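Trainee: Spelled out from the first residue to the last, the chains are:
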Amino acid sequence: MTAPRSKTGASAFDLFSSKVEEGLRVKTGIVELDEMLRGGFMPGDAVMLAGSAGTGKTTLALQYLVSGVKLGEPGVYVTFEELPDQIYRDAKNFGWDLRKMEEQDKFRVICTSPNLVLESGDGSLLDDVLHDIQPRRLVIDSLSHLEMFVKKDDMRMEAYRVIRYLKTRGISSVLLWESPQISGASFSVTDVGLSFLVDCIVALKPVEIESSMRKALVVLKMRGSDHDKRLREYEITSAGIKIESAFSNYEGIISGSPRKVASEKFMEMFRGASEKQKKA
Amino acid sequence: MFRGEPDEMSGSEILLTLLGSEIRGDLLVLFHKNPGLIDTVDAIARRIGRTTVTVISELRELLELGVLRQKRIGASEVVFLDRAKDRELLESVANHLKTIRIGGEK
Chain A
1446 MTAPRSKTGA
1456 SAFDLFSSKV
1466 EEGLRVKTGI
1476 VELDEMLRGG
1486 FMPGDAVMLA
1496 GSAGTGKTTL
1506 ALQYLVSGVK
1516 LGEPGVYVTF
1526 EELPDQIYRD
1536 AKNFGWDLRK
1546 MEEQDKFRVI
1556 CTSPNLVLES
1566 GDGSLLDDVL
1576 HDIQPRRLVI
1586 DSLSHLEMFV
1596 KKDDMRMEAY
1606 RVIRYLKTRG
1616 ISSVLLWESP
1626 QISGASFSVT
1636 DVGLSFLVDC
1646 IVALKPVEIE
1656 SSMRKALVVL
1666 KMRGSDHDKR
1676 LREYEITSAG
1686 IKIESAFSNY
1696 EGIISGSPRK
1706 VASEKFMEMF
1716 RGASEKQKKA
Chain B
78 MFRGEPDEMS
88 GSEILLTLLG
98 SEIRGDLLVL
108 FHKNPGLIDT
118 VDAIARRIGR
128 TTVTVISELR
138 ELLELGVLRQ
148 KRIGASEVVF
158 LDRAKDRELL
168 ESVANHLKTI
178 RIGGEK
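Chains as they are written, first to last, in the numbering used here: chain A, 1446 to 1725; chain B, 78 to 183.
Chain B on its own, in the form it takes in the complex (with noise of 0.2 Å):
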């Protein structure tokens, strides 16, 4: 799938990646609802049920589009949410389908 840079995104391309899967569709429930979750990919995949395997490459997705962030503690890599960002992303996607709302009423 073609993708541009996260800030040129429009709502639907952001749409599109942040339910792209079942997968990355459990790992957005998982953060929106535990925003303060700092963990590694194996944490983060044993918490949805899922195996480390399945879920990096979707974690990746997250972590280019902006919504998660990652940083180096110690010998780990943790990912979690970046508040703001997803705030901003969030807004864009409502404005998104407000958008298709006033089409589809037309």
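Excised from the complex, chain A in its bound form (with noise of 0.2 Å):
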């Protein structure tokens, strides 16, 4: 079996390349990505997709939606915010027609209040578009919004009823989550303990590096399954997520204090003397 290769990522799956197992796998369309996660997510997992405003978690979610569309898996996005009319026209800017893929019953963008998806204790919200396109991938936009209307700690109830609803069905699903900081050595990510609910955890996460800004992701957990633990650059293309190498020169990013590994500064000071050589 030959395992996909991109230009950026090869060296990196090389090294941890132990066992793809290809279509046991939901792939998510980004081909260094489906790299970190040894294939693609466990089929019928609860994938939890952290970050704060402008990493791009609509862009991947869609993305995977999309995707699945391509591989005969139809997909439904349910957003709590953005009307879906915004959702079509960004998409489109990628180059993905949600609307003709909806007319050809592969994908549906269902736009409701947080509290139905909480009333509806029986799933009847979402009974309709189930029956009518049977999705096998899903996407909610996002967790977070749900806080609102339940209190702390009732939400890990809530989130993990949405979850069981969901896995029951075998649809595997991506749930969104704002976060607005995700640091620290514990990697805490939410503060309502849903990270212990989910399957996997795929974090992003803006850096500063010297001055710019730049963008990390890093699969934080995933249940039954050996992943890429490094944290990669990405960035958002006019084609969707494209992920790049890995900050491997670069520690502490995590925690919000990024600096050079001590071999790297070496190399530096090294380049920068045989260059006051060269000049003298």
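Wrong hints could be hidden among the right ones.
To be verified - In silico DSS-like links for lysine-lysine, alpha-carbon gap of 25 Å or less:
no., chain 1, residue 1, chain 2, residue 2
1, A, K1666, A, K1687
2, B, K162, A, K1545
3, A, K1537, B, K110
4, A, K1551, B, K148
Read the hints as simulated data drawn from the structure, not as lab findings.
Quantities reported herein were computed from a predicted structural model and do not represent experimental measurements.
Put the two chains together into one complex; each comes in its own frame, and the hints tell you how they fit.
Mentor: This is the structure:
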């Protein structure tokens, strides 16, 4: 079996590629991310995609669904904030014609109020769409909105119910979480204990390195599978999310204080010294 | 305004019902642009910048026509677009408009 390769992530994949069970995984459509996940998410898993505003959560989630449609897996995007017409427009900028996919009954954007998801204990809110297109993938944008309607103590129970509803139907879900900051040694993603409920956590984080803002992606957790533990740089391009190489020359990125690793500092000093020597 | 059962309505009657008021027009634009919208009357009114009181009777017209449907979610009544019925009604209106154009050309 030949593993997918990318220019930027090839060496990283070779380093970790113990076993890629292609076909048994839910591919994200982003080759480098699939490599990091050893082939994709596990089928039926609930994945938390956490990050602050502007990190590309919506883009990554849509890319995941569009990729599913291309693989013959219908998808549903549930939004509490943006109206569908805004999502159609933004997706078109990446070359994804969601309206066309809807006409073909392969995709649905559902826009509703978070309190209705909570009231819909029997799942009747999504019953029609589940019946109409029989989705294999579903995105909720975002789980954080439910927090406005439930007590902090009840949030975990409500999230558990939503996750179980989807799992029971064999739907692989991506749950977006607006996380103002993901930092510290404990990798605290939410303060309501949702990290324990989900099977996989992918965190997106803006980082400041040498006075410029860059974006970092890391797989924090993946139940039942090995995964790439390194922080990878990514960009939002006109074709969607593009994952680049690892931040191998820096440490302390997650804690918010990135600094060059000692060997890199030494190399810089060495280069500086040899240049001075040449000039002399 | 007299109106028969939605299934028996002519293209012109459907058109009159659909565009019978400015608010109804706003509601149709909202649901056509956002066919996956499922929400309460209060939330829908807010989404078009109106109050529940002004929107409720207009929504009722569209529900009677069949272009919108409603169902109960927990303690709330929600309204959403019936995509199949909407396509059917638009087809009737389009056919009606074609007839008018042909008549005008004669």
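Trainee: Taken at face value, is the distance from the CA of K148(B) to the CA of K1551(A) at most 25 Å?
Mentor: Roughly 24 Å between the alpha carbons, so the hint for K1551(A) and K148(B) holds.
Trainee: Hint check: K162(B) vs K1545(A), CA-CA at most 25 Å. Holds or violated?
Mentor: Distance of about 19 Å is within 25 Å: holds.
Trainee: Decide if the proposed pair is consistent with the structure: K1537(A) and K110(B), CA atoms, cutoff 25 Å inclusive.
Mentor: The hint holds at about 15 Å.
Trainee: Given the hinted pair K1666(A) and K1687(A), is their alpha-carbon gap at most 25 Å?
Mentor: Satisfied, since the Cα-Cα distance of roughly 21 Å is no more than 25 Å.
When the structure is compared with the earlier hints, no violation turns up for any of them.
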